[in-house]
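A.B. asks: Chains A and B supply the protein sequences, listed in that same order. Take the first sequence: its position 149, counted from the start at 1, is 149 in the numbering used here, and no numbers get skipped. Take the second sequence: its position 145, counted from the start at 1, is 1145 in the numbering used here, and no numbers get skipped.
Treat the hints as calculated values from the structure; they're not laboratory data. Please note that a few of the clues may not be correct.
As the list claims (entries may be wrong) - Lysine-lysine pairs mimicking BS3-like chemistry, simulated, CA-CA at most 30 Å apart:
1. K1088(B) / K1295(B)
2. K127(A) / K1187(B)
3. K1088(B) / K127(A)
Unchecked claim - Label-pair restraints from in silico Cβ distances:
4. I1111(B) / Q176(A): 29 to 37 Å
5. G1183(B) / E211(A): 30 to 38 Å
6. F91(A) / R1085(B): 15 to 23 Å
7. A216(A) / M1159(B): 49 to 57 Å
8. M191(A) / R1085(B): 48 to 56 Å
9. A216(A) / I1111(B): 51 to 59 Å
10. L1188(B) / A9(A): 44 to 52 Å
Backbone N, C-alpha and C define an ideal beta-carbon position, used for all residues, glycine too.
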Amino acid sequence: MKANFRKTAAITLGAVFLLLLPVAAILAQEPYFISLFSRILIYALAAVSLDLLLGYAGMISLGHAAYVGIGAYVVGIFFYHASEMEPLFSFPFLLQGSENAMLVLPLAVLVSAFFAMVIGSLCLRTKGMHFIMITLAFAQMLYYFFVSLGKYGGDDGLSLYSRSTMPGLDLDNDLQFYYFCLFLLMGFLFMAKRLVESRFGLMIRGGSNNERRLCALGINSYKYKLACFVIAGAGAGLAGGLLANQTEYVSPGLMHWTLSGELMVMVLLGGLGTIFGPVLGAAVFLLLEETLAMYTEHWMVYMGPFLVIVVLFAKRGLFGLITGEKHNNG
Amino acid sequence: MLLFFEQILNGLQLGITLFLMSAGLTLVFGIMQVINLAHGSFYMIGAYVCATVAARSGSFLLGMALALPAAALCGMLMEFVILRRLYKREHLDQVLATFGLIMFFNELTRILWGRQPLYLNVPSWLSGSIELLPDLVYPVYRLAVIGVGLFVALALWFMFSRTRLGMQIRAGASNRDMIGALGVNIKLLYTMVFGLGTMLAGLAGVMAGPILAVEAGMGESILILTFVVIVIGGIGSIRGAVAGALLVGLVDTLGRAFLPTLFRLVFESATADAAAASLSSMAIYILMAAVLVWKPTGLFPAHS
């Protein structure tokens, strides 16, 4: 009961903080914080989607950045074709580029989900260490594909000249963009929360705890795992689409396995299997990176051992420390 | 035809380097059930130590003689301080902790040696080329790399199948509790196997030094290839590591060399080059996906 109260309080406080942050930033005349926190919200979205895999379904994907990258490239490629006035392809039907967020963001989600479905259906044939390695391999495959894709900038990536357009909103305005990201993150959090508490959530947790028993109960956990993989991929795709807008730049670097690793770190830092924890994890990771980078260009030499210490001694993550709860699989 | 033969040798040489990397890593995977992403860091340490010593003393051999123990000692230290605590933990923890170690090692090298890449010269007694076949001139150094790799493969085979230590390692791979109960100091054995693995990684780094630039982060590109090798070959199997390394080395090298020509037969040249470039860099990952779909535990699984 007490833990539950602390959890509600922590989530409410976090939400209020994120809602009021731009106001504080404007009052303090530090508009930089708005764009920094937009970035944090976007990474948080990707980390929450990864938490569905790591914390609930027990699927350790080291290739989650691939879906972030795909989402970003969907936005980037549509933008490129819109500004070049050149159709994406004319066969079997004519497809024009677009800058409309109402079109490109859902497309980013759909395309990422589609790739997650194809890749996931192959990866899920394997387990344990093999699963980690094959998800990594697929992400690298896509990374090298985009590196060699000369038309869209190859290694150098694509620059977007503005953010996507949206009827009724000006996404080029940092403040409006921030609230747009916050709205989407909260929507995804709500959905993820409902999802893991549903029958579906029970199935995927069951699949990660004792697959054989689930099988004996007559349940085919493959379907559920694949669905979970697709949902996580879709969430990462949305984050990618937003990230392309936030930085106005898309590059294969978004698919590099180091980003997958960083997303994992955010999940673990925040708290595995807590849905809300990864938001905190993303904020702490990026703020720590930002702060350390201010003092030394060699910030990674401190970040590395910090990660090791977190893994060795703070298994429950920061959210677990705040709420006093163990993670869901505990 | 000569070009084909030359590319086969190049593929063999890449395969040998990959074998040195994967032999150590596959043992660590197979015996200790631990995922070590930081294996590439020892490749980097080997290359850096050798490059530094060789630049100061002018002797490549001295550099190599110091680089191997340096890589082994760093590895054993890391095993003793950190990895030992992670054997019983989930894979996720191992991935994250070793990911942190990669960050640490890469940045530490940047602090110690700076951001500029170092260059390691081919020792004079190995420079130059010889004519293997009429009109086929091949660098001696690359042949030496192939030779060293074959020697190490033989030595490992001998150690595993003919010595007491190898027997204990194999026993540890199939049942670690049992071999502990039989009175073998399993902790020490693990540390030694780990040190052997990182020493081989250091050797791979030393040998790649004169071919590639020695720079921070050099370990990661080969690390991913090493994972591909291990997964194709089957985790924990030395035989699998040999087969996987040669397969990956040949597919990667031959793909890069001949796919453009093949594609030009079918498509116009601009499209062909673009398609061949992307396909050849993805070839090994496609190979890996195909192998895993066909045999989810790799070609030569250690525990079948």
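A.B. asks: Look at each hint and say if it fits the structure.
C.D. replies: How the hints compare with the structure:
Between K1088(B) and K1295(B) the alpha-carbon distance is near 27 Å, which keeps this suggested pair within the 30 Å criterion. Distance restraint check for K127(A) and K1187(B): the Cα-Cα separation of roughly 27 Å lies within the 30 Å cut-off, and the hinted pair is therefore satisfied. About 18 Å separates the Cα atoms of K1088(B) and K127(A), which keeps this hinted pair within 30 Å; it holds. Distance hint check for I1111(B) and Q176(A): the Cβ-Cβ separation is about 42 Å, which falls outside the suggested range of 29 to 37 Å.
Under the hint 30 to 38 Å, the C-beta atoms of G1183(B) and E211(A), about 36 Å apart, fit the expected range. For the pair F91(A) and R1085(B), the supplied restraint of 15 to 23 Å is violated, since their beta-carbon distance comes to about 58 Å. The supplied range of 49 to 57 Å is broken by A216(A) and M1159(B), whose beta-carbon atoms lie about 44 Å from each other. About 37 Å separates the C-beta atoms of M191(A) and R1085(B), a value inconsistent with the hinted range of 48 to 56 Å.
A hinted range of 51 to 59 Å for the beta carbons of A216(A) and I1111(B) is consistent with their spacing of about 55 Å. At roughly 50 Å, the beta-carbon separation of L1188(B) and A9(A) lies within the given 44 to 52 Å, and the hint holds.
Of the numbered hints listed earlier, those contradicted by the structure are 4, 6, 7 and 8.
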